[in-house]
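Student: My request is simple: use the sequences and hints to build the entire structure.
Residue-level listing of the chains:
Protein chains: 4
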Amino acid sequence: MKKTNQKIPVGILGATGSVGQKFIQLLEDHPYFEVREVAASERSAGKTYADAVHWFLPGKIPEKIRRLKVKPCDPSLKCRLVFSGLDASVAGEVEENLARAGYIVVSNSKNHRFDPYVPLLIPEVNADHLELLNKQEYTAGKIVTNPNCSTIGLVMAIKPLLDNFGLNQLNVVTLQAISGAGFPGVAGLSILENAIPHIAGEEQKLETEPLKILGQVGEKGIDLLHLPISAQCNRIPVIDGHLLSVQVSLKRKAKREEVIASWQQFRGEPQRLKLPSAPGLPIHYFEEADYPQPRLHRNLENGMAVSIGRLRECPLFDYKFSVLTHNTVRGAAGGAILCAELMKAKGILSAIF
Amino acid sequence: MKKTNQKIPVGILGATGSVGQKFIQLLEDHPYFEVREVAASERSAGKTYADAVHWFLPGKIPEKIRRLKVKPCDPSLKCRLVFSGLDASVAGEVEENLARAGYIVVSNSKNHRFDPYVPLLIPEVNADHLELLNKQEYTAGKIVTNPNCSTIGLVMAIKPLLDNFGLNQLNVVTLQAISGAGFPGVAGLSILENAIPHIAGEEQKLETEPLKILGQVGEKGIDLLHLPISAQCNRIPVIDGHLLSVQVSLKRKAKREEVIASWQQFRGEPQRLKLPSAPGLPIHYFEEADYPQPRLHRNLENGMAVSIGRLRECPLFDYKFSVLTHNTVRGAAGGAILCAELMKAKGILSAIF
Amino acid sequence: MKKTNQKIPVGILGATGSVGQKFIQLLEDHPYFEVREVAASERSAGKTYADAVHWFLPGKIPEKIRRLKVKPCDPSLKCRLVFSGLDASVAGEVEENLARAGYIVVSNSKNHRFDPYVPLLIPEVNADHLELLNKQEYTAGKIVTNPNCSTIGLVMAIKPLLDNFGLNQLNVVTLQAISGAGFPGVAGLSILENAIPHIAGEEQKLETEPLKILGQVGEKGIDLLHLPISAQCNRIPVIDGHLLSVQVSLKRKAKREEVIASWQQFRGEPQRLKLPSAPGLPIHYFEEADYPQPRLHRNLENGMAVSIGRLRECPLFDYKFSVLTHNTVRGAAGGAILCAELMKAKGILSAIF
Amino acid sequence: MKKTNQKIPVGILGATGSVGQKFIQLLEDHPYFEVREVAASERSAGKTYADAVHWFLPGKIPEKIRRLKVKPCDPSLKCRLVFSGLDASVAGEVEENLARAGYIVVSNSKNHRFDPYVPLLIPEVNADHLELLNKQEYTAGKIVTNPNCSTIGLVMAIKPLLDNFGLNQLNVVTLQAISGAGFPGVAGLSILENAIPHIAGEEQKLETEPLKILGQVGEKGIDLLHLPISAQCNRIPVIDGHLLSVQVSLKRKAKREEVIASWQQFRGEPQRLKLPSAPGLPIHYFEEADYPQPRLHRNLENGMAVSIGRLRECPLFDYKFSVLTHNTVRGAAGGAILCAELMKAKGILSAIF
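Chains as they are written, first to last, in the numbering used here: chain X, 1 to 353; chain W, 1 to 353; chain D, 1 to 353; chain F, 1 to 353.
Since the hints were made in silico from the structure, they are not lab data.
Any given hint might turn out to be false.
You can't tell identical chains apart in this list, so a pair holds if it fits in one copy or across any two.
Unchecked claim - Pairs of lysine to any residue residues, derived as SDA-like cross-links and limited to a Cα-Cα distance of at most 25 Å, are as follows:
| # | residue 1 | residue 2 |
| --- | --- | --- |
| 1 | Lys251 | Val217 |
| 2 | Lys47 | Ala200 |
| 3 | Lys60 | Glu301 |
| 4 | Lys60 | Leu211 |
| 5 | Lys110 | Arg100 |
| 6 | Lys205 | His30 |
| 7 | Lys47 | Cys79 |
| 8 | Lys60 | Gln25 |
| 9 | Lys60 | Asn302 |
| 10 | Lys274 | Gln204 |
| 11 | Lys346 | Phe165 |
| 12 | Lys251 | Leu227 |
| 13 | Lys47 | Leu225 |
| 14 | Lys47 | Tyr319 |
| 15 | Lys253 | Leu316 |
| 16 | Lys64 | Asp74 |
| 17 | Lys135 | Gln264 |
| 18 | Lys60 | Arg267 |
| 19 | Lys205 | Gly166 |
| 20 | Lys110 | Arg312 |
| 21 | Lys60 | Glu207 |
| 22 | Lys251 | Cys314 |
| 23 | Lys60 | Ser262 |
| 24 | Lys64 | Gln25 |
| 25 | Lys60 | Ala140 |
| 26 | Lys7 | Glu34 |
| 27 | Lys135 | Asn299 |
Tutor: Structure follows, in structure tokens:
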């Protein structure tokens, strides 16, 4: 960044999709970043963004973005940092091409999450995994990934438990919002006054991604955490906000108050660095018997906080509790933006700007 | 019953409430029973049923019932068999008074479920518990209870596993419909586009009722099954149909096909006796990846069947799967009616008719 | 029909779509008709029905239909009567080809509704329009059409008013269920906790179709009724059941009781002929202040009745009231089946069977 | 107000109710007003606000308010300006008592809306009606009322039409959100996957309130506008945002572009005075075919703007179009706050502060 008053130009890959729209909405008036490029499939390329998009978020398309020409997702984009909301069917190759061409790619797609030297990053949890970037094969470019939307809330909730008490087992059943499936995603006829006990690929992500995120940087990438996890995923008629019923077995027995204190005292690099999108308090614990709830608490701290409630002893594990995260903010676009803010604060973006 | 072509007159306690309405709807044209008395709180007593009730079920109030006078819930009711959909705040005393006065009470309320000699009955599961009635303190009258709406589906699903493979542990997370809370029950403002991770008293019922239902008749009532159970209960915006994410550890390891076969081959007394409300197949197993679903499968076999799907191995337990039951039919009024049908078939009603 | 105990074999065009599924569900155990052929696009042709369909209706696919091979929509179908739930993009040509090839096509698609000699039929309203068939250009084959799903309820509600009092003006605002848009149709993200004030093409249908249905058979087809109609259409988060807010100006002033009596006394050919799908009472008038409601009343008379309520004087027109119809039963597949039943009763099918 | 840096202390009547909660939420960090008193029924009086309220709005109770002691709604409140969200069953007398005791009452309740010298105020529409206050019978105190939640959007939409083209007739059908009924209000079992064609008293408000709001200040209060209005009201499963299907007959024929321009150019006193809660643009017209929609547009301009779309010619009236307003912000608490801001700007509050 040549001048401090100049924002870093960024591009959005998959800009017309659901995650892409959320990137655009959250980056309006961002203090570090300014969306200058919107890229999408060839079908959209050449149109103005307003013509190409079926905007389905509350509120209007930001004025500056409406008239941007949609470009293809290739190295013609005039920026060095791109946020990717691409569909997994195309993200793998596109993101790799851009990284090879010198772009820094912060991706919400699953394709590169398990590449050995690609951080699977939750800034509050494993900021140190950015070290991996030094070993990435791309010369100037880099790929950083954001975990799956339901993984993020789960991992933020158990990180303080892991640090303070150790974890033996983790069980989770999800009640997930439909925005996680993109647009059009789940048909109204499928989900209205209904629930669906299946989300393709989701359980596998919840059972594996935490092991990398909570692992240690080793010689050949991340040494995975050893932690047996079982996940069952359900879709429910909620727009935004994934609610999880969680159970944990701890290595060291802990009192209820200790567990709650571990959440309330939890802070990470984003809080220490006062990053613009960082929630002041990453975890909010509620004593109310019926909290947290998606519609009431998903927008806490602009959708970047995790809400927890109902901590109680469990006849099978040590504790059970409920966790809520805004799946398209903290769990997708907002989480990815926080990754980029962390990278800027750590000087990782300075090489290219 | 003096003549075979004469139906047994029955009364409904709490007839204007949500369970009461369902009793009335399900008993329209019942081959054994005919609703002759509707009883409710003093506020309603004296009015016609049509005037007293805020009918909220699909369809119309049965014509014969509209003009019945609502009576108080006391021994003036001209029938010997009553179905109780009373609120727990009053059910305890009312039901006891009626039993003392010689009525047979089949109750959906929780108050007497753990009385030592009161059967907590699921006809397919523990028909033999009717033996307890011999030891009940009431002279002519009797009390039989129906389990909690989410317990019923759970216990029907695990009964074949218990019988065939034995059970070590049981974990369940529920996604429950709002009709379980009665009317007006859950406010629209609370549940629309939302989920609530709490249902008062529900987890405790799920963790204890199965132990009695699956227990053995002993000297002093039921010897409880030993089975550690953990339950977490959530309310979701569905009208009818409780969906459960279940995990089990078996005593004897079983193959996936064996587990499914145990469900498909499961039959109970209602099937052997061909009771009018009995589902032909008590458990339907679905191979489709995203079944069962509340809106699609709750009405299978007139709402009396349990639907199961997604059986798969579990990293923490042996198996995990999803279970669905219609909470106000099989899980409440329909289940209670099946109990009464079983009692009739077993000659238990003959003493009084 | 050669023998009385033999059912007429029928085929379903567009059998895997939403209307097609409803045809199959409603024709299970039909006394006149038996589904022997299921036809769909080339993509599905050759598969079994169970493999080709994404079944989204409550309940299971009828056993006999599961294993039927899906065929293309052409004259190779081994039946002479077909029900069409084809998409309008293909229905026009396909239906015409089949009619030319000697099939009787009862169609739910819009394409031929305004062909001069094609009846736009509501059996209770304009059974006499079947006369038009004599002038149809096809030799053995015929095309009969079913009106749009929201038109049917509206026209049934105003037909008694037109007959008894005459109509000067008609105003209607709709609150329509999402099943009217087929599957996947309206995205969950679009409609959950929302309403959409637009349904493509719907207002134009509501403003024109009644004029043909209520017109008179003339020399060159139907002489349209003269009646200015204005329609505004909204989509709401309801699965089934279109609710209409209607206003009418009458030619002859009528008392409230006369209007209600005209609805209650209304009967048509299906009632006189006791057709199997005919509702005993085509119109149910409710005095309750907040009836009719989609979830409570859409299934009255197996979804074939129209429900009306809230008749009251209007400051601008003479009367206003609310009308409810099940849009996929009476308003689509059920309505079309009733048309075929009428044709059978009138001997129109005898030529070919 | 003695010092410019001091905020005006205000009280909330009915502070624990749904409108009361919204007042508290919207007044957090308000530049003019600071909530110092929360008043409610005797049942709540004496408790802290956090203990007395069942908070059901998204987000948390503002910290400063949590610990306020709830007081009775009487002249012991230490403030001179009160916002009333009281239920109509008690508002009449309470508000009158407070006005007599010298309080300025800005009320969202219906009780005093038609008192001759009480303004029924929409600041953009009839700011001049504040003149009426000079004739109010109370010495120091005053009562100002906010119209019904669905009236406000309707009147803002037709005011530019009235001013520019004159109005002969107005027809409206509403699709109203459930938050308009307060908490608990509409039962989940009543409204989920349903619509209800009736809202008690609502149609009468829509047919009469606009006549006063759009009337002229005369000798004995407001000379009502002459305008025949017909309203039909429906409740739908939406949390916030009333959607209206409107039809108008104009006195002077106008082109479509003229009508749209009249909306886009509409400004009122709040815009001229740059009141803190005033929307920059009071009316947003959308050209998109399916806008406005409750979930997408209710929060435009912090919920204070009215959204209009789908203007098209009407076969019965001149034009038809759709209008959307946030019913608890612009249509209730936010609208009342804007009234108070207008009063401050006009010097009406200076007498008492």
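Student: Decide, hint by hint, whether the structure agrees.
Tutor: Verification of the supplied hints:
1. Only within a single protomer do Lys251 and Val217 lie at most 25 Å apart by alpha-carbon distance; the minimum there is 22 Å, versus 40 Å between protomers.
2. For the homomeric pair Lys47 and Ala200, the shortest alpha-carbon distance between copies (24 Å) is at most 25 Å, but the shortest distance inside one copy (32 Å) is not.
3. Taking the closest pair of Cα atoms, Lys60 and Glu301 come within 25 Å of each other both inside a single copy (22 Å) and across two copies (11 Å).
4. In this homomeric assembly, Lys60 and Leu211 never come within 25 Å of each other (Cα to Cα): the closest approach is 39 Å inside a single copy and 34 Å across copies.
5. Proximity of Lys110 to Arg100 under the C-alpha cut-off of 25 Å is restricted to the intra-copy arrangement: shortest distance 18 Å within a copy versus 53 Å between copies.
6. With identical chains, the CA atoms of Lys205 and His30 are never at most 25 Å apart, being 30 Å at best within one copy and 45 Å at best between copies.
7. With identical chains, the CA atoms of Lys47 and Cys79 are at most 25 Å apart within one copy only, with a shortest distance of 19 Å there and 49 Å across copies.
8. For a Cα distance limit of 25 Å, the shortest separation of Lys60 from Gln25 qualifies both inside one copy, at 9 Å, and across copies, at 24 Å.
9. Within a single copy, Lys60 and Asn302 get their C-alpha atoms as close as 18 Å, and across copies as close as 13 Å, so both meet the 25 Å cut-off.
10. Within a single copy, Lys274 and Gln204 get their C-alpha atoms no closer than 33 Å, and across copies no closer than 43 Å, so neither meets the 25 Å cut-off.
11. For a Cα distance limit of 25 Å, the shortest separation of Lys346 from Phe165 qualifies neither inside one copy, at 29 Å, nor across copies, at 56 Å.
12. Taking identical chains as interchangeable, the C-alpha atoms of Lys251 and Leu227 lie at most 25 Å apart whether they share a chain (11 Å) or sit on different chains (24 Å).
13. Taking the shortest Cα distances, Lys47 and Leu225 never come within 25 Å of each other, neither inside one copy (46 Å) nor across copies (46 Å).
14. Within a single copy, Lys47 and Tyr319 get their C-alpha atoms no closer than 53 Å, and across copies no closer than 33 Å, so neither meets the 25 Å cut-off.
15. Taking identical chains as interchangeable, the C-alpha atoms of Lys253 and Leu316 lie at most 25 Å apart whether they share a chain (14 Å) or sit on different chains (20 Å).
16. Taking the closest pair of Cα atoms, Lys64 and Asp74 come within 25 Å of each other only inside a single copy of the chain (22 Å); across copies the shortest separation is 52 Å, beyond that limit.
17. With identical chains, the CA atoms of Lys135 and Gln264 are never at most 25 Å apart, being 35 Å at best within one copy and 55 Å at best between copies.
18. Taking CA atoms no more than 25 Å apart as the test, Lys60 paired with Arg267 passes between copies only; the shortest distance there is 21 Å, against 34 Å inside one copy.
19. Proximity of Lys205 and Gly166 under a CA criterion of 25 Å is satisfied intra-copy only: 22 Å inside one chain copy versus 31 Å between copies.
20. For the homomeric pair Lys110 and Arg312, the shortest alpha-carbon distance between copies (24 Å) is at most 25 Å, but the shortest distance inside one copy (34 Å) is not.
21. In the homo-oligomer, the alpha carbons of Lys60 and Glu207 never lie at most 25 Å apart, since the shortest distance is 37 Å inside one protomer and 33 Å across protomers.
22. When the C-alpha separation of Lys251 and Cys314 is checked against a cutoff of 25 Å, the pair qualifies both within a copy, at 15 Å, and between copies, at 21 Å.
23. Taking identical chains as interchangeable, the C-alpha atoms of Lys60 and Ser262 lie at most 25 Å apart only when they sit on different chains, with a minimum of 22 Å there against 40 Å within one chain.
24. In this assembly of identical chains, Lys64 and Gln25 lie within 25 Å of each other by CA distance solely inside one copy; the values are 11 Å within and 31 Å between copies.
25. In this homomeric assembly, Lys60 and Ala140 never come within 25 Å of each other (Cα to Cα): the closest approach is 36 Å inside a single copy and 45 Å across copies.
26. Only within a single protomer do Lys7 and Glu34 lie at most 25 Å apart by alpha-carbon distance; the minimum there is 6 Å, versus 37 Å between protomers.
27. For a Cα distance limit of 25 Å, the shortest separation of Lys135 from Asn299 qualifies neither inside one copy, at 37 Å, nor across copies, at 46 Å.
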